[in-house]
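What follows is the residue order along each chain.
There are 2 protein chains.
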Amino acid sequence: MSKNLAKMSKKILAVLSAGSEEMEFTITVDILRRAGVNVTVGGLEGSDPVTCSRQVVIVPDKALSDVSTESFDGIFLPGGLVGAKNMCESKPLGELLKKLESEGKVIAAICAAPTALLAHSIGLGKSITSYPSTKDQLAGSYKYVDDQVIVQDGQLLTSRGPGTAMVFGLKLAEILVGMEKSQEVAKGMLLNGEYKLN
Amino acid sequence: MSKNLAKMSKKILAVLSAGSEEMEFTITVDILRRAGVNVTVGGLEGSDPVTCSRQVVIVPDKALSDVSTESFDGIFLPGGLVGAKNMCESKPLGELLKKLESEGKVIAAICAAPTALLAHSIGLGKSITSYPSTKDQLAGSYKYVDDQVIVQDGQLLTSRGPGTAMVFGLKLAEILVGMEKSQEVAKGMLLNGEYKLN
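Protein chains in written order, with my numbering: chain E, 1 to 198; chain U, 1 to 198.
Careful, some of the hints might be misleading.
For chains that are exact copies, the list does not tell them apart, and a pair is met inside one copy or across any two.
[What the hints assert, rightly or not] Once the Cα atoms are required to be at most 27 Å apart in a straight line, the calculated BS3-like pairs of lysine-lysine come out as: (1) K181 / K143; (2) K135 / K187; (3) K143 / K187; (4) K181 / K135; (5) K135 / K62; (6) K85 / K126.
It is worth saying that the hints were derived from the structure and are not from the lab.
The following block holds chain E by itself, in its conformation from the complex (with noise of 0.2 Å):
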């Protein structure tokens, strides 16, 4: 049984850069990996500790370089503007996002790393949200959401930042697990109320 649990278990590429949020990066890829998703935290500058937005260093699992020809079940791009500036401009990253969107991959974005598929054109024309200082960049190529803290559009889902994060991450994981999954992690971490945010 384990076999085949490892052979279905939902592969997610986390990407971090120097400048990430580290508290939407930690918060989504722990709750994908109480989740049973398996995580692969690639470095876009190489696999060397990694200062995030906030001074917490954070070493990535492998490099982005070195995960390009494995094959995921989705991406994840955590926010932090500094951080979200290096996404839009890494031809890699740009390329790597192109080839899961042909492959109709999950495309995961939060705070202002939606810049990153405006700067690769991914998913445009589809409904997005973001950071609310990023909406100015993104509402002339997609339909801009102000008034949800998630939004998914087919195989791309987004949201808006750090206060967003645990409702990202746990829809992410429904996606990706299913609800029932989603709903015990939720309770696990104590989070089974009403959840408000705006």
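Using the hints provided, position chain U relative to the given structure of chain E.
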């Protein structure tokens, strides 16, 4: 003015151990730094990278043994069952907690970490909360509260788990630097609304 601000800025020691809950740790440190608190991450086992409860690897700023002579306005202990167990068994951490308690400094613990307060006889008899599964251990030595997300009793601040970590971090920021700054941080995180947890 920047010199005065530097002089006035509050210093918190955030303890990180193998098996600490990375989401609770990162949320709290991130929020405190957003609030202008000077946070030092002290590694319980040294300054090497620490593998947390869901395999996120975080690098401490210093070994805990290298900060014991520094002065802090408070200490923060994240949860995670294994991390909290390590904190229970650490004699140097126990001595540091006793010193900070006697100086009237803030002692903040979330999830399973209040068990380390018990192990080192900190704040016995005070009102606390914790992750529900640790209630039985704590209820004989403290006034255990299980219908509140955060509990403050004098210098002691405790909370329940990952889902309550944002409220906990914001309350700790409020205690250290005031309500106005804490609310500004919450707003920047897009955490303006009601926040109903259990």
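Consistency of the hints with the structure:
1. K181 / K143: neither (30 Å within a copy, 34 Å between copies)
2. K135 / K187: Between copies only: 17 Å across, 33 Å inside.
3. K143 / K187: between (33 Å within a copy, 24 Å between copies)
4. K181 / K135: Answer is between; shortest inter-copy Cα gap is 25 Å, intra-copy 32 Å.
5. K135 / K62: neither (32 Å within a copy, 39 Å between copies)
6. K85 / K126: Answer is within; shortest intra-copy Cα gap is 21 Å, inter-copy 47 Å.
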